[in-house]
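These are the residues of each chain, in order.
2 protein chains.
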Amino acid sequence: MTTAPSHPGTRADLWRELAQQLRVDSVRATAAAGSGHPTSAMFAAELMAVLLQKYLRYDFRRPDNPNNDHLIFSKGHASPLLYALYAAAGAISDEELFTLRRLGSRLEGHPSPALPWVDVATGSLGFGLPVGVGIALAAKTVDPRPYRVWVLLGDSEMAEGSVWEAFEHAAYWQLDNLTVVLDVNRLGQSGETMHSWDVGSYAERARSFGWRTLSIDGHDVDAIDEAYAAAIETGGRPSLIVARTRKGKGVAAVEDQPGWHGKVLRDPEGAIAELGGRRHIRIKAAPPSAGPPARTYRTSSPVLPAYELGTEKATRRAYGEALAALGSAREDVVAMDGEVSNSTFSGLFADAHSERFFEMFVAEQQMIAAAVGFDVRGLTPFASAFAAFFSRAYDFIRMAAISRASIRIVGSHAGVATGEDGPSQMALEDIAMLRAVHGSTVLYPSDANQTAKLVALAADNPGITYLRTTRADTPVIYPAEARFGIGGSRLVHASLHDQVTIATAGITVHAAIKAALRLAEDGIS
Amino acid sequence: MTTAPSHPGTRADLWRELAQQLRVDSVRATAAAGSGHPTSAMFAAELMAVLLQKYLRYDFRRPDNPNNDHLIFSKGHASPLLYALYAAAGAISDEELFTLRRLGSRLEGHPSPALPWVDVATGSLGFGLPVGVGIALAAKTVDPRPYRVWVLLGDSEMAEGSVWEAFEHAAYWQLDNLTVVLDVNRLGQSGETMHSWDVGSYAERARSFGWRTLSIDGHDVDAIDEAYAAAIETGGRPSLIVARTRKGKGVAAVEDQPGWHGKVLRDPEGAIAELGGRRHIRIKAAPPSAGPPARTYRTSSPVLPAYELGTEKATRRAYGEALAALGSAREDVVAMDGEVSNSTFSGLFADAHSERFFEMFVAEQQMIAAAVGFDVRGLTPFASAFAAFFSRAYDFIRMAAISRASIRIVGSHAGVATGEDGPSQMALEDIAMLRAVHGSTVLYPSDANQTAKLVALAADNPGITYLRTTRADTPVIYPAEARFGIGGSRLVHASLHDQVTIATAGITVHAAIKAALRLAEDGIS
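In order, the protein sequence lines correspond to chains U and F. In this text, residue positions in the first sequence follow my numbering: the first is 644, and each later residue adds one. In this text, residue positions in the second sequence follow my numbering: the first is 644, and each later residue adds one.
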């Protein structure tokens, strides 16, 4: 809220000067890097200057303060602007600003949680906003907090379906703690966007989805100030500020010119001079609003369900029963489902802990993003659906891994065992898909007791944990007291003179047991 | 247009009777199968009865007639209704109707092109409509046709982001040959949808996206008739008919009751009696509108670009140059891009054949669906973007394979070679992801000449063909006259006394060549 003492003039002057500083620092950093998106960083300089100076409530020295606002650049390629903002906030040094895009630097080409103020990695368009919805949702439900979530969204990004899942959910959950700034600079990477500068087309769409909308000139600091003030006063629904901007604003050689996306300027020194040279404004952001201290969730050892040897139980049902038990033992566990909770059996958790269960409807991308948002807020999310339909959210799972998120994905009805429902309902690609994700764990239990144990272990497993369950009832083959860890394998059957080895997992273990018995009949052990 | 002579009464009576027949046949088929979604089939019986009897222009004996309308059940789990419709049209026998969900039957749990009247497999919600957009787009551009595309969409499905990509594109391309029937029965699988029976919420959203909307009682045959008539007269934009319906309509035990999704009725005989028993109405659909005969596209052997040994050329650029050349030789080749055509170099095709290039903006799912739609219409589509971002469309690629579509996907900037842009821009999962798709081909060329040859081969390769290109310029290592096939491998370097074998692909071939030279310096061949 305070400014460097050297700075004179009105607050509007300060905002304009700060905006120029953000532009200059974006040019300086990208010129040093030799690559990056300086023009994408310039459009929103005034929008971010006013936000940082007046509205963002954030303790940059304590990024783990649970009441801090959240600022997400869904438009991740505007990272130089974000880094210039951090520099203006005193969070990173001018020296570090110059490490942009260098190997080992925290200032990656697109933002990532290598920086403590970044909640999630962005750079795949349409991912940041849905995560913002998840973070806002946590504060409205399981962990009430006064923070506000600010998301910078690009106009190109509005073509991504995932953005509309987020618009739908933000309104559905009445997230009035969410403010989205939409930069309408009309230019994508290779040409004009679908709607160019038709600001009204975006506002109409958002309004029809139940949002409050405010359309402004994105370079007019007073209009920006008024829009933010109106947004934070809006109750019961999220706000969208549709800001008409000019890409490359302030540098005549590139302003509103196509062909400059993701390219450094030809004459950075000239651009810096044109922008009025370097400035040295420091902004101390307002402290977070008063809110409860960081929560310590009550956790105890879960009393997991136990299944009798020889009985039959589907692993998907064991999942639901174990998750409900885990929820009783651990307050930090939340669950969500893609409108099939009666098939995945996450409905058993919903029955037991309705206040921690989230129906995400048929929006798998928003479901994964909400899980990431809950993880950002220190919760332990489990997200379930038919395994086949997680392929709809593959990019989000990939981005969750890059975001260093710990989430648990539970897919039911895996494999051809889904049978007569047909191939569209069968997950056949899920193991390959999940194993290819950086730092992932794929769990494929073969019986109900093993499933229950793995559910409990998954809660503490870092990264992306995928648990694959099957539809059919299958025999319980391990005693309830058996111990299981993540990784390794188990010997189901062996004899002294084995001739054949069968290695298998999940539901096919039962087919393999039958095969072994049949082979034994033929004298083959 | 004609009816079985036995049937008396007004046309409205006929529609009502036909609707009851569709319901009864849905119940009969699912009862015989012992599984399926009879309640989901009942809501839209009147909507489909009026469509079949009066509006659908389709020669069921000649599904390959290029001027036939297209009917897509985006809500694939309503398949019993679709099959009952085919039976009423005389396309399938009552006997075949009873094979529903049996192994080897063409009547799969969810529709697939095993049936010649089905364009694409559905069953993963939010996929059918975007493909319908592609089919409608083909008729408005590269292959002008009088046909209309009819899509049955479910209200649960509206939560999928991909649906909004389709709404956006249908309006953008002014597809007035597209009519979507949205069934608002308010009940999803596990509970109420987000908007229940708030028909207006859907209509408002669609209007804001530029659609004509008509809200009706989905069981009122006269209202349905009027809505279809209005829809086909609407010019310049697509139409959405928002139909309020009751799930399980006509059978008191299940009508508008939750908990009946995907379950057979307890008393099918009672339900059939309640619905008035079996009927034997046969409808001969109206013939397709007069239009041009099936096209034979001019194709000749392409004059591919040739690159000199030892020069450097990025495989992504070779892709663009080869595709432009292929487009000159083959009229059936169309290309599309996810708003990065200046990076993937599909822009070179756009420059040469602008009338066959489609900018799909940042909507990877709609892009893949449009490619499938073009394939349905006998074209040869190539779709390009950064390889990393095809993970956003993975479910669509999976569904394209189940749809038996032949499409070519070209991902640039593959692997860690993308470097300073950061992990969000690097495709690291793409090979695993694409290889796991049924019947797919993954091509990863290591130089420009090989790339050019593979582009030409990909045009005739069935199924999902994925070509992976890299950003950096790399040496041309194969002569332009070298012959390449799909599959197999090539020996780059060998000597009589080799001690080490290096197997590699794509850009790492060049690293491997350097490694081999370094090893040779150490006396290791």
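It is worth saying that the hints were derived from the structure and are not from the lab. Bear in mind the structure is a predicted one, so any value in this text is a computation, not a measurement. Fair warning: there could be bad hints in the mix.
Claimed, not checked - Below 30 Å or equal to it, Euclidean Cα-Cα: the simulated DSSO-like pairs (lysine-lysine) are:
hint, chain 1, residue 1, chain 2, residue 2
1, U, 956, U, 1157
2, U, 956, U, 783
3, F, 697, F, 956
4, F, 906, U, 956
5, U, 927, U, 697
6, F, 956, U, 906
To be verified - Listing some non-contacts, in silico: residues in chain F with all C-beta distances to chain U over 12 Å:
hint, residue
7, 803
8, 912
9, 949
Glycine included, each C-beta is placed from N, C-alpha and C at the ideal position.
Exercise for the section: List, from low to high, the hint numbers that the structure doesn't satisfy. Expected result: As far as the earlier hints go, 2, 3 and 7 are violated by this structure, in ascending order.
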